[in-house]
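Q: Chains as they are written, first to last, in the numbering used here: chain U, 1 to 545; chain B, 1 to 344.
One or more hints might be untrue.
As the list claims (entries may be wrong) - If we take Cβ atoms under 10 Å as the criterion, some of the chain U residues that face chain B in the derived model are: (1) SER365; (2) GLY366; (3) LEU369; (4) GLU440; (5) PRO443; (6) GLY448; (7) SER452; (8) SER455; (9) ALA462; (10) SER463; (11) PRO467.
Hints were generated in silico from the structure; no laboratory data involved.
Each residue gets a CB set at the ideal place from its N, CA and C atoms; glycine is no exception.
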Amino acid sequence: MALHRKASQDGLAWHSTAVVIATVVAIPVGVLAFSVLSPSVDVWRQQWNTRLPRQLVETSILLCGVGVGSLLVGGGLAWLVSAYQFPGSRVFNWLLIAPLAVPSYVLGFVTLSVFGFTGPIQGWWREIFGQDAWFPPIRSLGGAIIVFTLVLYPYVFLLARAALADQAGSSYQVARSLGARPFEAARRVMFPQLRPALAAGVAIVAMETLTDFGTVQYFGIDTVSVGVFRIWRGTFDLDAASEFATLVLLFAFVVIGLERLGRGRAKFGEAGGAASGLVQRRLRGIRSVLAFLLCGVVLTLSFAAPTIQLLTWAISEATGPRGTPLLERFAEFLANTLLLAAIVAIVCGVGAILVANAVRFSGRSGTRLAARVASVGYAVPGPVVAIGSVFVLVGLDDGLGLIGIGLPGAVATGSLIGLVYAQTVRYLAPALQTVEAGIEQVPHEMTGAARSLGSRPRSVVASVHLPLARTSVLTGLVLVTVDVLKELPIVLLLRPIGFDTLSVWTFNLASESRFEQAALPAVAIIIVAMIPVGLLARQLSRGAS
Amino acid sequence: MSEPLPLVASEVWKIFDGVTAVSGVSLELGEGETVALVGPSGCGKSSLLRMIAGLDGVDGGEIQLQGVLVDDGQSRVMPEHRSVGIVFQEHALFGHLTVAQNVGFGLRTRSRSDCQARVAEMLALIDLPEFSDRFPHELSGGERQRVALARALAPGPTVMLFDEPFASLDQNLRVQLREQVAQVLDSTNTPALFVTHDPREALALGDRIAVMRAGQIEQVGVPEEIYRQPSTMFVASFMDEANFLSITKDGSGWSTVLGAVEQGSEGDFVAMVRPSDVEFASDDSGDSRIQRCEYAGSHWLLQVRLRTGDEVVALAGPDSRPDVGDRGTLGLRPGARQVVVCQS
Chain U
1 MALHRKASQD GLAWHSTAVV IATVVAIPVG VLAFSVLSPS VDVWRQQWNT
51 RLPRQLVETS ILLCGVGVGS LLVGGGLAWL VSAYQFPGSR VFNWLLIAPL
101 AVPSYVLGFV TLSVFGFTGP IQGWWREIFG QDAWFPPIRS LGGAIIVFTL
151 VLYPYVFLLA RAALADQAGS SYQVARSLGA RPFEAARRVM FPQLRPALAA
201 GVAIVAMETL TDFGTVQYFG IDTVSVGVFR IWRGTFDLDA ASEFATLVLL
251 FAFVVIGLER LGRGRAKFGE AGGAASGLVQ RRLRGIRSVL AFLLCGVVLT
301 LSFAAPTIQL LTWAISEATG PRGTPLLERF AEFLANTLLL AAIVAIVCGV
351 GAILVANAVR FSGRSGTRLA ARVASVGYAV PGPVVAIGSV FVLVGLDDGL
401 GLIGIGLPGA VATGSLIGLV YAQTVRYLAP ALQTVEAGIE QVPHEMTGAA
451 RSLGSRPRSV VASVHLPLAR TSVLTGLVLV TVDVLKELPI VLLLRPIGFD
501 TLSVWTFNLA SESRFEQAAL PAVAIIIVAM IPVGLLARQL SRGAS
Chain B
1 MSEPLPLVAS EVWKIFDGVT AVSGVSLELG EGETVALVGP SGCGKSSLLR
51 MIAGLDGVDG GEIQLQGVLV DDGQSRVMPE HRSVGIVFQE HALFGHLTVA
101 QNVGFGLRTR SRSDCQARVA EMLALIDLPE FSDRFPHELS GGERQRVALA
151 RALAPGPTVM LFDEPFASLD QNLRVQLREQ VAQVLDSTNT PALFVTHDPR
201 EALALGDRIA VMRAGQIEQV GVPEEIYRQP STMFVASFMD EANFLSITKD
251 GSGWSTVLGA VEQGSEGDFV AMVRPSDVEF ASDDSGDSRI QRCEYAGSHW
301 LLQVRLRTGD EVVALAGPDS RPDVGDRGTL GLRPGARQVV VCQS
């Protein structure tokens with residue numbers, strides 16, 4: 001029998017690994033939260049006298065509007081495809097998540113160019129009704145709310161659909177069999193059970209809206225995230241930017257608080273039970289046509305029409321005399337995008353695997369806490385993470401300088417490290433969530449059996465946990481990849497000079513209203529993002545059959 | 001000097017978040033011996049098993065395997081270095097590996113041909129020689145447990161541990177598999193500790209039985225002793241149905257409504273008698289009366305109320321025709337006696 005080992009050291013290496021990862025992830029957020037304690041009065045006074053009041057109002061209206069919009073669209077469509085059968089309902093069941101592949105800033109500029117003042121729709125409108133005919137203002141808060149709703153509703157749709165397929169759907173059925181009328185059964189039984197899923201979905205949507213500052217700039221809206229961007233890119237005053245970022249963090253806390261309230265005392269995530277879900281009813285006649293049209297219109301507006309429009313533009317630009325600017329660097333931008341996505345996905349994947357296994361092997365309750373802390377980034381908007389990461393890396397630069405390691409160029413702004421670091425902080429959570437779920441599926445008995453058969457934890461991970469959880473690990477990597485492909489705020493804030501991705505290229509062209517020319521990189525993002533989203537859709541369609 | 005015992009657990013404690021799961025348990029396993037550790041769910045028997053396997057550490061006391069100290073609360077040998085085989089209730093076969101790969105999982109230090117030979121030997125031992133290329137999901141529940149047994153035995157462990165190995169199987173299969181496992185353990189002469197909540201399984205499998213309750217072992221003994229001479233009311237009623245009768249002092253000695261007992265004192269002790277040791281004789285002038293009767297195939301179970309108000313359960317032969325309201329007299333079966341047990 002081998003050497004003794006201190007009981008106190010049992011699993012210590014695993015525990016320490018999880019704690020280190022959690023610390024590295026939490027520091028940028030912690031640093032920012034800390035900076036609130038010593039507010040620089042001047043900055044705040046100046047902001048308060050200029051843009052701040054308007055930013056607070058517009059951010060609030062935007063978040064509420066998008067929240068309600070995605071709740072109605074996402075929740076409504078989920079109910080429609082879960083409770084009824086109509087032509088195409090089985091296809092819509094998974095096709096309705098397609099907008100996940102469309103970044104909001106892309107739908108934003110397509111909408112502006114098509115429905116905006118100079119666009120074809122308004123031109124046609126004026127031809128018919130005269131030059132001064134009224135048309136709803138597109139470049140407005142309302143317009144932005146509609147655009148965000150159209151690209152973000154799939155988050156609510158996905159969670160609501162899963163809940164309906166499970167307990168919430170079954171209990172609706174039971175309530176009906178006990179004599180409750182449809183509306184009563186929905187209100188008294190189904191909705192309370194659906195509430196956690198809806199609250200979680202709306203919270204994700206609100207967080208994604210809060211993190212954005214590409215779309216809102218197109219629509220001329222001043223949010224607190226735009227404020228961070230403007231201060232940082234305008235003055236590179238880190239202290240001022242970080243103070244302002246705490247304001248974004250505050251909004252994030254309000255969102256999380258509201259989610260907890262909305263969830264009530266129920267727990268989210270009791271999926272996978274034996275519940276049989278809703279029994280579908282077949283719609284006939286005009287009702288089935290209406291249901292089909294409703295799904296079709298949402299999908300057309302959010303996905304099909306913009307993609308076709310982008311393709312048309314991209315083709316006409318490619319064959320036209322003007323051509324897309326920087327086209328010769330297309331391969332480079334694409335490579336940068338894929339490289340960044342791959343690096344972040346791998347870093348997040350490895351981090352998630354380490355933390356998820358540490359929870360199993362350490363035998364300490366603190367490890368579970370570390371895992372939760374490591375997920376904090378997803379609840380923190382991109383600009384906050386970005387500024388916090390700069391803070392940490394500037395400190396690192398200074399520290400390295402002090403001990404005499406002068407690097408060519410600062411670590412913080414001169415290399416990819418800052419970019420990868422910030423994105424990892426933000427996207428470790430979705431990777432960790434899925435990988436952890438996968439490892440949880442491996443019964444503890446199996447881990448125990450492997451160990452008593454002579455395997456060290458490391459080889460249990462390699463020969464048992466990973467092979468069994470490979471689907472979850474892959475799903476986690478896919479989720480991170482989609483997020484990084486579409487990611488704009490962090491890239492805009494932290495990219496090294498000269499490092500451009502498809503999203504930066506698109507954003508820059510569209511910022512100058514060169515929409516047709518932005519079509520090629522935009523459609524490239526959608527096509528690349530379709531691959532992981534397609535994988536997800538395939539899983540959904542399998543689960544349904 | 002005699003050989004060290006395969007397993008010695010001394011004064012072992014386990015505390016989870018302030019809740020004591022195992023409090024000062026001592027247990028030994030002799031060479032080639034099978035011990036059944038039986039008790040209701042939550043009594044701490046699985047916690048004890050996990051500590052012996054090294055999956056959890058002890059919070060007090062110590063564990064020795066083959067004379068080697070493996071855990072004293074300060075230092076501990078990890079499960080992968082303990083040479084302990086373990087079979088769980090279910091779910092423990094590796095779903096991504098074939099039967100042969102599962103059985104060979106613990107043999108990685110051996111040469112390839114050596115490994116193959118050992119796997120073939122183990123599959124023959126459990127009577128599934130043709131199954132090497134199947135996957136776990138293609139097996140029945142009983143076959144899975146046999147493969148799990150083969151996998152645990154393959155590296156030649158010094159001790160085998162079983163955690164409710166048959167609990168998820170149906171009754172017939174359970175009995176069948178129980179016999180096969182006993183045979184395999186016997187043929188390999190491997191000492192084994194069986195954790196179960198089923199007293200009949202414990203009686204059938206154990207060379208000795210340890211009855212556990214609320215983190216402590218209440219009694220250890222050979223099956224007949226545990227069944228016939230339980231030391232407490234809990235052990236008596238956990239192992240099988242039992243009548244408990246209060247003891248009174250009458251001049252020279254002690255007695256119950258069914259007759260004299262050897263010793264006792266009021267309050268702390270009662271007399272225990274199994275229903276099969278109580279006879280009911282029909283007699284219209286008797287002072288006892290049948291309250292309830294239940295047909296159990298091989299016998300009748302009668303609930304009889306005595307004049308004193310005591311209620312006693314008795315057995316009656318399958319040919320008798322008892323009925324509610326029948327009168328008669330109660331007495332002990334010839335040769336049977338009442339056992340004095342501790343009340344707490």
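Q: Which earlier hints turn out false for this structure, listed by number in ascending order?
A: Result: hints 2, 3, 4, 9 break, sorted rising.
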